[in-house]
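For reference, the chains in residue letters:
Protein chains: 2
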Amino acid sequence: MGVGTELERFFAASRLRASDYGEHYVALWDCLEQASTGGKRVRPALVLAAFTGLGGTDLSLATTVAVSFELLHTAFVIHDDVIDRDLARRGVANVAGRFIERAIAHGAVSTQADTWAATAAILAGDLALSEAHRALAMLPVERELRGRLLDLLDRAVFVSAAGELADVTNTTSKEPLSVEQVVFTLEQKTAVYSFEAPLQAGAVLAGAGVEAINVLGQFGRLIGVAFQLTDDILGVFGDPAKTGKSVVSDLREGKQTALIAHAGTTAAWPDIAPFIGRADLSEEEGAEVKERLRDCGALDAAEELARSHAERAVAALDTRSIPEALRSHLTTLAGTAVNRTR
Amino acid sequence: MGVGTELERFFAASRLRASDYGEHYVALWDCLEQASTGGKRVRPALVLAAFTGLGGTDLSLATTVAVSFELLHTAFVIHDDVIDRDLARRGVANVAGRFIERAIAHGAVSTQADTWAATAAILAGDLALSEAHRALAMLPVERELRGRLLDLLDRAVFVSAAGELADVTNTTSKEPLSVEQVVFTLEQKTAVYSFEAPLQAGAVLAGAGVEAINVLGQFGRLIGVAFQLTDDILGVFGDPAKTGKSVVSDLREGKQTALIAHAGTTAAWPDIAPFIGRADLSEEEGAEVKERLRDCGALDAAEELARSHAERAVAALDTRSIPEALRSHLTTLAGTAVNRTR
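Taken in order, these protein sequences are the chains called A and B. Under the working numbering, the first residue of the first sequence is numbered 48, with each subsequent residue one higher. Under the working numbering, the first residue of the second sequence is numbered 48, with each subsequent residue one higher.
Bear in mind the hints are in silico, worked out from the structure with no lab data behind them. Beta carbons: idealized from backbone N, C-alpha and C, even for Gly. Just so you know, not all the hints are guaranteed correct.
Some residues of chain B that are not near chain A, with every Cβ distance over 12 Å (derived) [stated by the list, open to error]: (1) E53; (2) G102; (3) I151; (4) S368; (5) P370.
Okay, the calculated bits of chain B under chain A, using three or more residues with CB under 8 Å as the criterion [unchecked claim]: (6) 70 to 80; (7) 122 to 134; (8) 158 to 167; (9) 171 to 179; (10) 213 to 225; (11) 259 to 268.
Taking beta-carbon pairs under 8 Å as the criterion, some of the chain A residues facing chain B (in silico) [unchecked claim]: (12) A60; (13) L63; (14) Y72; (15) L75; (16) V215; (17) R367.
Produce the entire structure from the sequences given, and follow the hints as far as they go.
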């Protein structure tokens, strides 16, 4: 049974169970299932790649671990949307968006509809987070192994929360962050739970040695940062039709990216700073800021930073503890981190 | 090591760990610890009462289970405050309240401060929820027993989420709910996770038989409802100096209580309905509504309902499977549920 099937079964069972508590709760589970589909299932793929690449054979165990990390991701995405007050993701109404419509259809006034939406999204995230823990807790493996997997999950939650908080508190900073601070935040907020922990969990479950586990952790952090640096570049310089987001949204939000961090170290900064974090930034002003970010060398610097992280990630794999097939697979992945079309 | 000590150790370790990620994250853990103290630790007391009352001896295991349910409660309280947009609890600034002050001290403008607050509170709840799961998952007991404890936790999360959602969606209802609907929501939102599950977890851990576990579940649901019905009565008719909340806040919010449900079945309803859910309800109007709720018999009916639930809870204990000492302890508890001074 693959990850998709295991998730489908979980949601079908939960919906059935929810039907004892009324239509709104069933709708909440529908929204949660929707939130867990449509993504690229990167984390399950990493768990399974490390597991099979390091000689693991019991795929049913690995699938459950993969499901755990996918649900952790679902929980974070849903709660992140609450924090950002987003009502859609990938162009589709998210949990909050759907519950606002639902509330209005049930005669709620607008403040009530907002409360329905926040409630549904917070609870949906809590339910996904709970199942992420439960999947590992119920894993039929010996105590020591389960403990190590639970420690990886615990670290993923702990560090991601630190990163999510830093991401928000950073936005208030009057000065641009240093490039190091930006990288550190990306590592915390995304690289650990999305790359490092899934790879290490697959390796631990396969019974890999300490060195392989450490190397995969290092690879995961570096490649996770490379992915995020590239995402941030595409967020401003990408094609909105491909990225699904407006090129001005990060600028309006004042998001602290490597682009901004680099620009902050250049003579062009006084001409860029006034536009960053302005909610009313126009498309024309956005285009002008892009021009300046390019001219001052910030785009090149950010691209180079992403590339160097991907290279260091690949270099880390150059050890006997990583079998050739796994190395080759992860090297290809590293390429896709930075070579995405604008 | 008692529940308080185990929690203190967990928070001390977490704070130390958080210090690698900056002062805001340490402050978040401080807030989380504050949120977990100051309450009455009802749930841990129930776990331990059932455990020792049914012959359990290894208190270190029971303490960890008790910690799990206390952290589950902390998580729910924190997320509930986000949903209700509350900035204080028991007269003290809560996670959001403290992070708003923190944001402003760091130069945030007001919308940014709101985001700091929501972020900190959502993450603090996620961290508490995660540890609630982790405590049980790491419990050094055999697989089957751990599975049963995890199932109780899972049910507690699942049913509470249903109740929390119903509580919010009910507020939009134009018609008063039926008394049965009110009781069903109280059972879901509070009785299951606060009374039923902790009692049953203590019993399961003590190795109790099926009958004792079922009886404690029944007692827990009934007494949990009795407590909540009484809380709702005190929310309107209690002494604000003792309850710590304004007597008009539930009325302004349009909270669907047994008082309102009963009033909705009487001829007095058209004279009460216009005042319920009005955010601008004055203290004088509140006093008038109280008078009408009393005159129409809603106060008596709600008190009688609470009393009958407490009586049925005590009656359920009348079985050989519940040892005398435990029965006596729980009967005293049942008395405190309904005999609280206004």
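Status of the hints after comparison with the structure:
Interface exclusion of E53 of chain B from chain A stands, the closest Cβ pair being 17 Å apart, more than 12 Å. With a least CB separation of 25 Å from chain A, G102 of chain B remains clear of the 12 Å interface cut-off, as annotated. Residue placement check: I151 of chain B does not keep its beta carbon more than 12 Å from all beta carbons of chain A (closest about 10 Å). At the 12 Å boundary, the C-beta of S368 of chain B stays outside the reach of chain A, the nearest C-beta of that chain being 27 Å off.
Chain A leaves P370 of chain B outside its interface by the beta-carbon criterion, the shortest separation being 31 Å against a cut-off of 12 Å. Note: the segment 70 to 80 of chain B has 3 residues with beta-carbon separation from chain A under 8 Å; the three-residue rule is met and the coverage holds. Requiring three or more residues with a Cβ within less than 8 Å of a Cβ of chain A, the coverage given for the segment 122 to 134 of chain B holds, as 4 such residues are present. As drawn, the segment 158 to 167 of chain B meets chain A at 6 residues by the rule of a beta-carbon pair under 8 Å; at three or more, the given contact holds.
Chain A is given as covering the segment 171 to 179 of chain B, and this holds because 5 residues of the stretch bring a CB closer than 8 Å to a CB of that chain, at least three being needed. By the rule of at least three residues with a Cβ nearer than 8 Å to a Cβ of chain A, the coverage given for the segment 213 to 225 of chain B holds, with 6 such residues. Counting residues of the segment 259 to 268 of chain B whose CB lies closer than 8 Å to any CB of chain A gives 0, which falls below the minimum of 3, so the coverage claim is violated. For A60 of chain A, the interface hint is violated, the least distance from its beta-carbon to any beta-carbon of chain B being 11 Å, above 8 Å.
Look at L63 of chain A: its Cβ only gets to about 12 Å from chain B, farther than 8 Å, so that hint breaks. Hint status for Y72 of chain A: holds, given a least beta-carbon distance of 5 Å to chain B, under 8 Å. Against a cut-off of 8 Å between C-beta atoms, the interface hint on L75 of chain A holds, since the closest Cβ of chain B lies about 6 Å away. For V215 of chain A, the interface hint holds, the least distance from its beta-carbon to any beta-carbon of chain B being 4 Å, beneath 8 Å.
Interface restraint check: R367 of chain A against chain B, minimum CB-CB distance 31 Å, threshold 8 Å, status violated.
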